[in-house]
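A.B. asks: The primary structure of each chain is shown beneath.
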Amino acid sequence: MRSEAEVNHAVEKYADMVQRICFVHLKNQADTEDVFQNVFLKYMLHDEAFFDDEHEKAWLLRVSINACKDYLKSFFRRNVVSLETVYEMEAVVPEDHREVLEAVLSLPDKYKDAIYLHYYDGYSAAEIGKILGKRENTVYSLLSRGRKLLKEKLGGDEVGE
Amino acid sequence: MANKIKDAFDQIRADSAQKESTKQFLAEKRRKRTSLFYRPAIRGIAAAVCLMVILAAGAGGYAWIQMPVSYLSIDVNPSIELALNRFDKVVSVTAYNIEGEEIIKNLSLKGKEYTEAIDLVIGSEAMSVYLASKEDIVFTLAADSSRESELETGVENCSGHMGHGCRHVSTDVETVSAAHECGLSLGKYNAWLQLIQYDDSITVEECREMSMSEINRLIREYEQDGAYHSGTEHGGYDETEENSASGWQQGNHHQRGHHHRGGRGEGE
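Protein chains in written order, with this note's numbering: chain A, 1 to 161; chain B, 1001 to 1268.
Just so you know, these hints were derived from the structure itself, not from any lab. The model shown is predicted, which means the values in this text are computed figures rather than measured ones. Wrong hints could be hidden among the right ones.
Stated by the list, open to error - Here are the simulated EDC-like cross-link-like pairs (lysine to aspartate or glutamate), alpha carbons at most 20 Å apart as the crow flies: (1) B:Lys-1029 x A:Asp-34; (2) A:Lys-13 x B:Glu-1020; (3) B:Lys-1032 x A:Asp-34; (4) B:Lys-1019 x A:Glu-102; (5) A:Lys-13 x B:Asp-1007; (6) B:Lys-1019 x A:Glu-56; (7) B:Lys-1023 x A:Glu-99; (8) B:Lys-1029 x A:Glu-102; (9) B:Lys-1019 x A:Glu-99; (10) A:Lys-13 x A:Glu-54; (11) A:Lys-112 x B:Asp-1010; (12) A:Lys-27 x B:Asp-1010; (13) B:Lys-1032 x A:Asp-47; (14) B:Lys-1029 x A:Glu-6; (15) B:Lys-1019 x A:Glu-6; (16) B:Lys-1006 x A:Glu-99; (17) B:Lys-1004 x A:Asp-47.
Stated by the list, open to error - Pulled from the structure, derived: some chain B residues nowhere near chain A, Cβ distances all over 12 Å: (18) Lys-1023; (19) Pro-1068; (20) Ser-1201; (21) Asp-1225.
Claimed, not checked - Distance ranges between label pairs, derived from CB positions: (22) B:Ser-1146 x A:Lys-73: 46 to 54 Å; (23) B:Ser-1021 x A:Glu-95: 39 to 47 Å; (24) A:Asp-109 x B:Cys-1050: 40 to 48 Å; (25) A:Asp-109 x B:Arg-1039: 35 to 43 Å.
Just so it is clear, CB atoms sit at the ideal spot from N, CA and C, and this is done for glycine as well.
Bound-form chain A, shown alone (with noise of 0.2 Å):
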């Protein structure tokens, strides 16, 4: 088990980017709670060390994207429907940005973990492939289909590379 300053420090360094993933995968603040929780309780109980901070970086990516799909797919989870479906968005986000945000989140699942992770993280094809579990040519059509998408909701001239 990680020692109490370690995973503290992870807690402060990794939040935002946890914090994230959830806002992508699911519905509600409540549902970001529980998850955001079990990521950095998994990053505790994590006893190898990692190589360096990239590692550990897309270990939690890695995780995370991981905790949310089975968050979603839990028994609990799909028997009781939240009154809450609509993430308050508006709480948090500057109403300029809410447009670009909706876009990406009404993205099918699939598209959605390669597209941010390739514009917010700035990670390649094959570094996506290797957090994801895909082939890098898969990655390659998940974000020109993604991006496609993108441009039909936002208007064309906006979408660059």
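Fit chain B to the given chain A structure using the hints.
C.D. replies: Only chain B this time, still in chain A's reference frame:
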């Protein structure tokens, strides 16, 4: 576009309340994990204890199922004894002489229902020799009290339709251990007990060598001679005996027909 997405996502941040609650949650988990039960040694011991309980229960259950509660002895000249568990399945087969070994060596009787085992033994090739020469076949049953009536009926049905000099005798389970001490099958031991009422010079060894037909003939001879008529004392074994419908079909001397139990001394 890339910048727009980056800027937009930059707005999404974990608030400090969430970070704090997560840290608390993790501290709580850590406290639980380091508590007594989570110490590896304690967990190991707990796991070992659980495992032992499961194993003991399994072994106990297996022993319970495999424990013989009833015995069925088939004696012609070959002496074979089947030990049955509480579900009337054969758990072990013992031959008490070479002829018996000949018969069981090619049969797999373990795990079979006792009626099936009887059919297999009687139907076996090695047994057909004895059947052809119309030897007596005696089924001797020592059944657990809970299984007694059912087993008796089953054996009766099995022996009844066989026809040839076939009969069955019931005795109690205590007789079995006495028989095993003498190295005789239950059936022969039972017959020996009857025989020594007339002639106590007959030893176990002599009895072991004789076929059931011979023993029965001797007993009948003594009966005919009226050598034993008191009919009161009995060798501590309880027997109920019936001749099969076909009775004695042998061609040998005196008295055929039914040997229904008349008096105490008549027992076979």
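A.B. asks: So, for every hint listed, does it hold in this structure?
C.D. replies: Each hint tested on the structure:
no.: 1; hint: B:Lys-1029 x A:Asp-34; verdict: holds, 14 Å
no.: 2; hint: A:Lys-13 x B:Glu-1020; verdict: holds, 13 Å
no.: 3; hint: B:Lys-1032 x A:Asp-34; verdict: holds, 18 Å
no.: 4; hint: B:Lys-1019 x A:Glu-102; verdict: violated, 25 Å
no.: 5; hint: A:Lys-13 x B:Asp-1007; verdict: holds, 19 Å
no.: 6; hint: B:Lys-1019 x A:Glu-56; verdict: holds, 19 Å
no.: 7; hint: B:Lys-1023 x A:Glu-99; verdict: violated, 33 Å
no.: 8; hint: B:Lys-1029 x A:Glu-102; verdict: violated, 36 Å
no.: 9; hint: B:Lys-1019 x A:Glu-99; verdict: violated, 27 Å
no.: 10; hint: A:Lys-13 x A:Glu-54; verdict: holds, 13 Å
no.: 11; hint: A:Lys-112 x B:Asp-1010; verdict: holds, 16 Å
no.: 12; hint: A:Lys-27 x B:Asp-1010; verdict: holds, 18 Å
no.: 13; hint: B:Lys-1032 x A:Asp-47; verdict: holds, 17 Å
no.: 14; hint: B:Lys-1029 x A:Glu-6; verdict: holds, 15 Å
no.: 15; hint: B:Lys-1019 x A:Glu-6; verdict: holds, 14 Å
no.: 16; hint: B:Lys-1006 x A:Glu-99; verdict: holds, 13 Å
no.: 17; hint: B:Lys-1004 x A:Asp-47; verdict: violated, 38 Å
no.: 18; hint: Lys-1023; verdict: violated, 6 Å
no.: 19; hint: Pro-1068; verdict: holds, 49 Å
no.: 20; hint: Ser-1201; verdict: holds, 82 Å
no.: 21; hint: Asp-1225; verdict: holds, 86 Å
no.: 22; hint: B:Ser-1146 x A:Lys-73: 46 to 54 Å; verdict: holds, 53 Å
no.: 23; hint: B:Ser-1021 x A:Glu-95: 39 to 47 Å; verdict: violated, 29 Å
no.: 24; hint: A:Asp-109 x B:Cys-1050: 40 to 48 Å; verdict: holds, 41 Å
no.: 25; hint: A:Asp-109 x B:Arg-1039: 35 to 43 Å; verdict: holds, 42 Å
The earlier numbered hints that this structure contradicts are 4, 7, 8, 9, 17, 18, 23.
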